[in-house]
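Everything in the sequence shown is counted per our numbering, starting at 13 for the first residue and increasing by one.
Quick caveat, the hints were computed from the structure, so don't treat them as lab data.
Ideal Cβ placement from N, Cα and C applies to all residues, glycine included.
Please note that the accuracy of each hint is not assured.
[As the list claims (entries may be wrong)] Computed beta-carbon distance windows for the label pairs: (1) Gly208 x Thr158: 28 to 38 Å; (2) Tyr120 x Gly60: 20 to 30 Å; (3) Trp87 x Ile185: 40 to 50 Å; (4) Ile90 x Ser64: 35 to 45 Å; (5) Ala114 x Trp52: 40 to 50 Å; (6) Ile194 x Ile34: 51 to 61 Å; (7) Ser56 x Met89: 35 to 45 Å; (8) Arg109 x Gly60: 41 to 51 Å; (9) Arg152 x Ser55: 20 to 30 Å.
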Amino acid sequence: MAVMHDEDRNEQTSPHYHPIGIFFHWLMATMVFTQLWWGWRTSSLMAGFEKSDAYVVHAQIGAAILMVAFLRLGWRMIAPFVAPQLEKAEDLPGWQRIAAEAVHWGLYALLIALPVSGLLMIGATAPETMERAVGFSGFRDLDLETRARLEHFMERAHFVMIWGMLALLGMHIGAALKHYFIDRDDVLARMIPWLGRDRPEPAGSAARKARTANATR
């Protein structure tokens, strides 16, 4: 198996993310918002067969999100070696770069932790639902007290992480809209390439670029 080293990195640059990265981003966004809506719908149902069936779908979507999250992480690891590198955003303050990275990795962490906590909670609460959803029935072997403790902990962790996910999504979407409507730069166009076509530069952008160019001479 070939080992990739830093010197093997692709030296080309691009103003947009690679199409595979864009695909993963929007696929994950669609799945996450679908899951949030479906989870809210499921929790509002009365106990019965319909709610049990809804939890099966909820668990299956969660398992799919977990799988796509790992595939996306895998792509992120190999992309520097097989795809052009994304151009650095100009005039982006250091604190915004740090905040963007923090939100980015926070979302990644929750895209893994939320499905795991949800699957463990469903498995502890209703092993038969877990078995119907993903074909795993190991929780049947746990005693009732252990299952009750696991359910209690995972239910609370899942609840807290849902609100964390909503907060990070709000910051992520808010920042993207700020870049597009207020800063009028091409940050959002990196993930939606057609937005950058014939887009006028923001006021003062040319002057800032000239100052930057003069400072580096």
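Outcome of the hint check:
Checking the proposed 28 to 38 Å range against Gly208 and Thr158 shows it is violated: the Cβ atoms sit about 54 Å from each other. Checking the proposed 20 to 30 Å range against Tyr120 and Gly60 shows it is violated: the Cβ atoms sit about 36 Å from each other. With their beta carbons about 22 Å apart, Trp87 and Ile185 fall outside the hinted range of 40 to 50 Å. The hint said 35 to 45 Å for the Cβ distance between Ile90 and Ser64, and at roughly 40 Å that hint holds.
With their beta carbons about 27 Å apart, Ala114 and Trp52 fall outside the hinted range of 40 to 50 Å. In this structure the supplied range 51 to 61 Å is violated for Ile194 paired with Ile34, their Cβ-Cβ distance being about 23 Å. For the pair Ser56 and Met89, the supplied restraint of 35 to 45 Å holds, since their beta-carbon distance comes to about 39 Å. The beta-carbon spacing between Arg109 and Gly60, approximately 50 Å, falls within the hinted interval of 41 to 51 Å.
At roughly 24 Å, the beta-carbon separation of Arg152 and Ser55 lies within the given 20 to 30 Å, and the hint holds.
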